[in-house]
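If you're matching them up, the sequences are chains A and B in order. Residues in the first sequence are numbered consecutively from 126, following the numbering used here. Residues in the second sequence are numbered consecutively from 6, following the numbering used here.
Simulated from the structure, these hints should not be mistaken for lab results. Here the structure is a predicted model, which means the values were calculated and not measured. Please note that a few of the clues may not be correct.
Just a sample of chain A residues kept apart from chain B, beta carbon distances all over 10 Å, derived [said to hold, decoys possible]: (1) 188; (2) 195; (3) 228; (4) 252.
Incomplete in silico selection of chain A near chain B, CB under 8 Å [what the hints assert, rightly or not]: (5) 186; (6) 187; (7) 189; (8) 192; (9) 203; (10) 205; (11) 207; (12) 217; (13) 219; (14) 220.
Glycine included, each C-beta is placed from N, C-alpha and C at the ideal position.
What follows is each chain in one-letter form.
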Amino acid sequence: MLRESGDKPLLAKKTNMMRNTPATPVLVLLASMFVLSAGVARTEQPVPLSVTIKDHKFEPAEVHAPAGKPITFAVKNLGSIAAEFESDALHIEKVIPPGGEATVHVRPLEPGRYNFFDDFHRATQGFLIVP
Amino acid sequence: MLASLVIVFREVFEAGLIIGIVMAVTTGVAGRGRWIAGGVAAGVFGACVVALFTGGLSQLFNGSGQELFNACILGFAVLMLGWHNVWMARHGRELAAEMRAAGEAVVEGSKSLAALAAVVTIAVLREGSEVVLFLYGVAAAEGGASIGMLVGGLIGLILGSGVCLLTYLGLVTIPTRYLFAVTSTLIALLAAGMAAQAIAFLEQADILTAFDQTVWDTSWILSDASYLGRALHTLIGYVDQPTAMQLIVYALTLAVIAVLMKLFAVPPARRPRTA
């Protein structure tokens, strides 16, 4: 009885809410941004780099890449513990399970010395050097 | 033991900040305890599932599965947070003033609670999956879970939960008449930060390449890696070296939420009196 009396205004409210759903403009906006960004995708061939993580060390601990070229960074975790390959400067954050391999993309870089590390084991540090 | 303490604390602390805010936002809403606890439980379960399939997830979409997954759940959380704010702009005043029948307020309030519970689930799932992966790795390396690892993890969990509690207790000391403005702002900043973080994942996956140059570097003032940097990263999306696209999306998210809140806010005078 009580439920029935409360049913009607609730239903009316619901249709009202659906008409006013705020998700639609946000979705349209996000979708249009993706389309825009896809239009300017890179055509340049990326420079491949690879390092391994073993015994809490990067091997090699220093890698080199030319300036102004996109990079693909392959990281193999040969350790027995999961690693989180991370770099603030390179905008990288990726968990790599033990025995796993991950590839991350790095934008074309200005000359400099870029630090990367294992966020699960901070002492594991490496550098990407762009001359 | 120390390693597991640090890692568990760091991840719980990040999820705890978000849970603390959600708890403060939902102060006084009936049934919020169940929703938030449910959100945490779902997040823990999800974290285990995600950790279990991390290897497989990474291999999807040419090795970008992890990034796409993170970007998607972050995007979903942004929608939920935005929706909550817009909903509160429309109904918050009525709820706070108790002008509606109590029963209806609970039904209406639970929709917004569900959105926030989903945000809690996502926060716990993201941070939790890292904890599970790390602890599992340590356990596997040591040939089984050691007492030290468990004790360290437990202390980390307790300390991290303390941060959650402090966030909540700090926020609820704000006088009620300002609470809505403060929490709305916090939620909007949280959403903008998550949107910018989703962009970082799409850039890492090479899906988004437009405007990907670094705009500034404030790592010499406050590094992302410091605890304060991490807290601000979680709360307002602080990044010491943001890309142009991250800044654009950050500003856009804030603008869209603000505009929608204005559009959907109903002046109290227009509301028909039914009682």
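Contradicted hints - numbers only:
2, 3, 5, 6, 7, 8 and 9
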